[in-house]
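Single-letter residue listing:
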Amino acid sequence: MTGTDFGPDGTGAGGAAAGLGAGGGVICLAERDGAAIAEASLRALAFAASLAGPAQSVTAVVFPPAGGVGEPEPDDEVFADVLAECGATDVCLVRSAELTAYAPVAWARSIEQLTAADRASAVVAAATDHGSEVLAHLGAMTGLPVAANCVSAQSAGPSSWRLVRQRWAGSVLEDAVLEASLALLTVAADAVGQPAADGAASAVNGAVSAVNGAVLGGNGAASGVNGAESADRGLLSSARAGRRPSVRTVTPVLSEPDLVVRATESAEQSSGMSLATARVVVGGGRGVGGPDGFSALEELADLLGGVVGVSRVVTSQGWRPHRQQVGQTGTKISPELYMACGISGAIQHMAGCLSARHIVAVNTDADAPIIAHAEFAVIGDLNEVVPALIAAIRARAS
Amino acid sequence: MSQVPERASAVIIGAGIVGNSLAYHLARLGWTELVLVDKGPMPNPGGSTGHASNFIFPIEYSKMMMELTRDSTEQYKELGVFTESGGIEVARTQARMQELRRRCSQAKSWGIPAELLTPEGVRKLVPYLDDSVILGGAHFPTVGVVDPLRAGTLMRERAQQLDALTVLAGAEVMGIDKSDDGRIAGVRTTKGDIATDVVAICCGVWSPRIAKMAGARIPLTPIAHQMISVGPIALFDGTEGEIAYPIVRDVDENMYERQHGGDMEVGSYAHRPIIVAPDDIPSIEEAVLSPTEMPFTQDDFDPQLELALELMPELLGDEHAGVRYAINGLISMTPDGHPVLGEAPEVPGLWSVAASWIKEGPGIGRAVAEWMSGVTPEIDIHEADISRFYPHQRTTAHVTARAREGFNKMYGIVHPNEQWESGRPVRVSPAYERERALGAVFYETAGWERPFWYESNAGLLEKYADRLMDRPSEWESRWWSPIINAEHLAMRDAAGLFDLSAFAVLDVTGPGALEAVQKVAVAQMHVPNGRVVYTSFLDEAGGFRADLTIMRLGPRHFRVVTGGATGMTDYKWITDHLPADGSAAVTDVTSAWTTFGLWGPKARDILRNLTADDISNAGFPFGTCREIEAAGITVLASRISYVGELGWELYVPIEQGAKLWDAVFEAGEPAGLVAAGIGVYGTTGRLEKGYRAYGAELDASYNLVEAGMTRPKVKEQEFVGKTAYLRQRETQPSAVLCTLIVDDHVSESGELRYMLGGEPTLSVDGEPLTDARGRRSFVTSAGSGPSVGKHLLLSYLPPEQAVVGEPLNVEYMGEQYPVTVAVAGSTPLFDPSNERVRS
Amino acid sequence: MDVLVCVKRVPMVGGKVLVTADGQDVDTRMSGFTVSPHEECAVEEAVQITEREGGSVTVLTLGLPEAAEQLRDMMALGAHRGVLLETDGREWGPDATAAAIVDAAGELGPSPFPLILAGNEAADTGGYQVGVRIAHALGRPCLTGIKRLEIAGATLRGSREYRGAQEVFEVALPAVVTVKEGINLPRYPSLPGRLRAKRAEITVLRPQWKADGLRKEGLRVPAGSARRAQILGHGAAAVPALLDVLNGLGVLPSAVRSGGDAA
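Line by line, the protein sequences are chains A, B and C.
FYI, the numbering for the first sequence is 92 to 489, going by my numbering.
FYI, the numbering for the second sequence is 1257 to 2095, going by my numbering.
FYI, the numbering for the third sequence is 91 to 353, going by my numbering.
FYI, nobody ran anything at the bench for these hints, they're computed from the structure.
Note that beta-carbon positions come from the ideal geometry of N, C-alpha and C, so glycine has one too.
Hints are not guaranteed to be accurate.
Residues of chain B placed beyond 12 Å of chain C at every Cβ, according to the derived structure [to be verified]:
hint	residue
1	E1289
2	E1371
3	E1496
4	S1678
5	I1884
6	K1971
7	Q1984
8	D2000
9	E2004
10	P2054
11	A2078
Under the rule of at most 20 Å between Cα atoms (straight-line distance), these lysine to any residue pairs were calculated in the SDA-like manner [unchecked claim]:
hint	chain 1	residue 1	chain 2	residue 2
12	C	K288	B	D1555
13	C	K306	A	S246
14	C	K106	B	G1426
15	C	K300	A	V268
16	C	K306	A	S262
17	C	K106	A	W259
18	C	K306	A	V268
Negatives, chain B to chain A, calculated, CB over 12 Å [what the hints assert, rightly or not]:
hint	residue
19	D1433
20	E1570
21	E1661
22	E1885
23	T1987
24	G2081
Between the sequences and the hints, there should be enough to build the whole structure, so can you do that?
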């Protein structure tokens, strides 16, 4: 592999001299999500912008998409606008013939080189799988600590930061002091809007939401579900928001070990449709009413590419075999969707499905515990709702 | 989501099996505007009901608990949530085999199906059990499992269908308000305040915490019971429903194994007692599972794993079956193992409905609902009455000490006379040190240390060697000594001095004192001053509520003397029935008075050495009381007897008790006076005279007519239970209390065996005897009659069998022994004309 | 193959975590302890690998002497050997932890562990770094967040789902892999397994604590907000809204899925 000189390749002034801490500006990893910048990264960028002083640069680093690119992409202009909305003063497009796929060590190496060149004081990434992984590598390469899942940060003098970060997935907040020549921070997914976050953070929230509205509005569920409520909170108050950023292209110096771990994307889905691994589980409880009621649930599960799971009472009644039981003493599931029908949500049952990414409940009792655990609920008899849903899905398919 | 009502007829706190049941039964009895609140969600708010193993064995050691369990089972069946599985208690030791025989006999007394099984017989029903580690088992085919959460839901729904109940889930009680006169006034919850006169605490392990809000104490403690669930069990995959094999109680190891769907649940009471303070129970939000499913402590369970594996090696040893669920589940424990029911003595309107298992929940709900409605509960629950506790028994120290001691006895072989070790001594008589010097063996009643016999009387054994009725079998000689019988004979020959300090002494005073005692006593209380009246108290249904004596000390002063065990419940009963105008008061003066009993043919001679007062038969007749000067002390002497001898109860201020004891002892020595224990007072002396005891012969399920305790006339004045009593007198009794003598004590193995009580009374053909009211005959009291040379049994019999000379059988430890009816009714076997008492 | 699995003893917490009065720790007075969920899956994965391919599973933890309980829990699931890096209860940063593990791995015997597994992140501190730092110290490749792991000879193939697509990594052993819950269904301890674990020996080492630049000042509980489902409606009338939600979650059959405006 041949190294290309690393350095600014575009226009723009790079990092400002008067900086926070020892170095200059703040660098933020901007991940792609399809043709757009990931919402989590936009939030991280807004967070990064809140750390930088007025004269300091906020550099968004964008790596090539899978498959790699050589030439500037048509999206770059759009990126620049979007990133600027969230506070980026500089956009750094990483170009490398070797970077044809996600490669965490190579990404970390690239950012490491960029921090040296920019004399950056902080590197920020969203606490996503990629963000966390890249910063962990950066920490290991530099021997510096990484503060994961931050919800707020502020400078406390040269090379010193006061942080609030999440522990226990946000159930506990840690007040911490980070002393490092280069602060490595990942930003919690729900950092913005946390009570602990300061004023800047909530302004950031507004900016991200506004951006979401403008750019990511078409991105289906993500904005429909999460973004809408904060859309009216106003724009980033920072004076530079929206200013045209400088865009440059850089080429990192990568060596073979940096590229050992490299992703290839695959369309294959996880094989086998067991209760434990199913992507969708349609759950049935006492509300199903008897053994005959499960045929509708089976049909729905089939339509959604999932399987049926049941509560303990169902197996105790002999309506379904024991192996279909979800819960503490049954199978623990972690599907994308758990659709709990006629299940009250007993503690022992919930212990088996708390890893479900989304829970939708159908229940006659609005006070049932399942309602507190679910994200969405339909109050009603499953024997009415489920057939209607099946009919609606079929109608839409045809 | 319900609105919070401003007012409620009663607020029921806690939606576990007990609260739901109480709500339903109150609604059924006509209550409306009830509110049921719980801080948790429905149907499982997170209390002990949600993690119970939910099985019901019909057999119990206490008749009350058995009846509550029986009623609950019926209710669960009616609700459609009961599945019969059968249950087996297995024995790993010979001692347990004997205990299982005793248990099967006990089952027969109460009409519960039970049979002894050989190891092969057990294996036939439980094919995965290794029968080489057991000696046999007792099979109870009517054991079953229930779904208490479903039952609770159904009961709530029924109460709601009656338009009687509002359910508030997620409403935590923050306070309980009282009016200026200390009565319940309202409940404050996180969802709003509710005005009410009645609060029922059905909060299980949280009950002490909630009671404290109202300034009352509910003496129970949360304690952890470990349970694991192992699965999937391959064998169970093919079975339908929740349970297809009998539940196994490995009683010698304090464990149980119970199929629950695809899993086997293994529970244990063998581990160290793990007590949790009510305030340390985590909140719903903090809890990983539920507040009462505490984190499992593996080390405590490890020894049980090996034992469980030993019993079910293949099933539980399956490498593919795992421990899928393991908890330290919180349950409630009380100092005596019984529930805590009834209105709190400290706070009118505050009801405790606490410390119930799943197996009693519905029955308790019904009984307390009846009680709250002013209806006498069909099941006699006086043993569970919250007012039974003395102040020291409600302390945290006492409750936790007894919980610790009782926990590992959950499946223990508990002898009927077994004594507690912890929390003693608490209450001691002024003669305590003297009694200790005499080698007294102390039993405990209501915290009092009572000499049961005196080792110093061992010298009498030789004198009465041929009349001791010694017990060769270890079981019957446990918690017993032949010295008791020697003391008895010495008393009958000369005299005995008894320490009766444990008597509860209650003074009823004031202008309305006579009205007050008339209201509760069956006997005529309008008697001259200085009279002693033996009487019963009845409930409204005419069942026994108390059995005691009352002295009239003055025109406005009555002194009620009752057993220590029932002192506090009797106190509350009298208090609850005082005249509404406040013209009488009741005061507990137990701690002011020591009581000694001096009885025997030489009693007068001995007392005469100490007093110049007239104590002749004419001057101090039977059934009277008065102050005398004896040994320089003013003594209240009362001429009655529970042992059938001439003599007195001697009441002195407690600080002068030791002096009186010394004086009587010294004066009596030349006459052959012995210190005699409660073994004589409570058993041998009593049984020879056919005297009935409250809690044994006398409880709410029998009446004065059946007990043979009617008097020729019924007083004109009103009293509680009068209407029922009058009706009872006009109908033929369904049972007659009889004294039986055992004709042959020799067992099949050639050993002499002596019944201890509780055994089924059978026909000569070995068939159970059932009276017209469906009650089975069984032995209510048993003991030696040294003076009559027979082992004596009291038993209610159907009238056809209640005939002197009628031959019957009694089953004991699985064998039948011939007995004969010696007395039908209350005539004493010893000294039938009562000459001694009146001499 | 000999596999080293790194686990961490953490309190078992409910929906609400309490902090001690001094604000320095999570209140564990009424808690049980466990290992982080990802790590339990790591142990399961290791056990499955050795069940397939032979070898042994060594489970290692760094913590108080009480952490031996978690080693035994893991041995009950099939790990063969337990190693406790005993500490005095101070919190160790990811860098120091990784260094101690690397040192210990060197000391534990002649054969190095070709595969070191860890959880993606600890349930309590959530640092996301120990595995990566071990890998760097040993000069090995590291895969993180893995939800599917295959071993073919000296090649290791790990994959995970990211932004709706499968990311597949292929590296040569020796390697470090951090896994995520969902990679497998961890077994429950069998009773015989539990008894074997009870009797097993645990190797105890005592590494030296090192500071890093991240210092905890205190912990606090954020002001909570009661979670409750968004009610989509009542009865069959709610079906259109329900359909939109399912569409948004991407679980509808592809023929039904509508792009764009799931307003």
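Violating hint indices (sorted, rising): Hint check: nothing fails, all pass.
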